[in-house]
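Chemist: In the order they appear, the protein sequences are chains G and R. Read left to right, the first sequence gives residues 1 to 110 (our numbering). Read left to right, the second sequence gives residues 1 to 118 (our numbering).
A few of these clues could be false.
[Said to hold, decoys possible] Derived CB-CB ranges, DEER-like:
id, chain 1, residue 1, chain 2, residue 2, range
1, R, 67, G, 2, 17 to 23 Å
2, G, 16, R, 15, 32 to 38 Å
3, G, 13, R, 25, 40 to 46 Å
4, G, 95, R, 28, 38 to 44 Å
5, R, 113, G, 55, 40 to 46 Å
6, R, 102, G, 78, 34 to 40 Å
7, G, 15, R, 55, 45 to 51 Å
8, G, 82, R, 11, 34 to 40 Å
9, G, 67, R, 30, 32 to 38 Å
10, R, 19, G, 82, 40 to 46 Å
11, R, 102, G, 76, 34 to 40 Å
12, G, 58, R, 67, 35 to 41 Å
13, R, 25, G, 26, 26 to 32 Å
[Claimed, not checked] Covered by chain G, per the in silico footprint, the following chain R stretches (three or more residues, Cβ under 8 Å):
id, segment
14, 38-46
15, 100-109
Worth flagging that the hints you see were computed from the coordinates, not collected in a lab. This one's a predicted model, so the numbers in the text were calculated from it and none came from an experiment. Virtual Cβ for every residue (Gly too), placed ideally from N, Cα, C.
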Amino acid sequence: QSALTQPASVSGSPGQSITISCTGTSSDVGGYNYVSWYQQHPGKAPKLMIYEVSNRPSGVSHRFSGSKSGNTASLTISGLQAEDEADYYCCSHTSSSARVFGGGTKLTVL
Amino acid sequence: EVQLVESGGGLVQPGGSLRLSCAASGFTFSSYWMHWVRQAPGKGLVWVSRIISDGSGTIYADSVKGRFAISRDNAKNTLYLQMNSLRAEDTAVYYCTRDRGGAAVDIWGQGTLVTVSS
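Could you put the whole structure together from the sequences, leaning on the hints where they help?
Modeler: Written as structure tokens, this is what we have:
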């Protein structure tokens, strides 16, 4: 149950787009369309942003989108806003029916 | 309002035990799988355990297998995590979460801090 691999940090200017990658194996990310993404602001509980690779829950901005290719999933945030500055985590179902999170990515809005 | 409220965290010595509780409200608790997720201070999220809706199926992260036990009381709308043989590396905020299907969790509690230290 090794953690999924995410970049430690990404940054972008307001209005720009950024993409956060999440790399696993064929036993997790690559084997199922069950990847989710979470946003966490300091001192707060995480919030679900994307489920089943590319679906947005009600209330989540259309600026957030998800995709997957092979063993790598991606979260793209378009039209960056100051409020998007947070930590982002991916999560995948695994072949043993467990779940595994990524190490997290700190997004800085310049 | 859909809500999860954890309790039971605190300071415990290495080798000790603690039981966390999570009170659910605002939804039909007995219809949902539930998970515990933890986060060590300044670190990332780590999945701990999952229990299916009727309590008959459970699964654990390797790091807690044999030491932690997840359970639920659907009559009381409450999820539990019994933690035994605690280690310093178990120090974390423990979140109770609701599974929405598709291997995603959509509701999180506010978390309860467990500190394992002598």
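Chemist: Looking back at the hints listed earlier, which ones does the structure fail to meet?
Modeler: Checked against the structure, the hints that fail are numbers 2, 4, 5, 6, 11 and 13, while the rest are satisfied.
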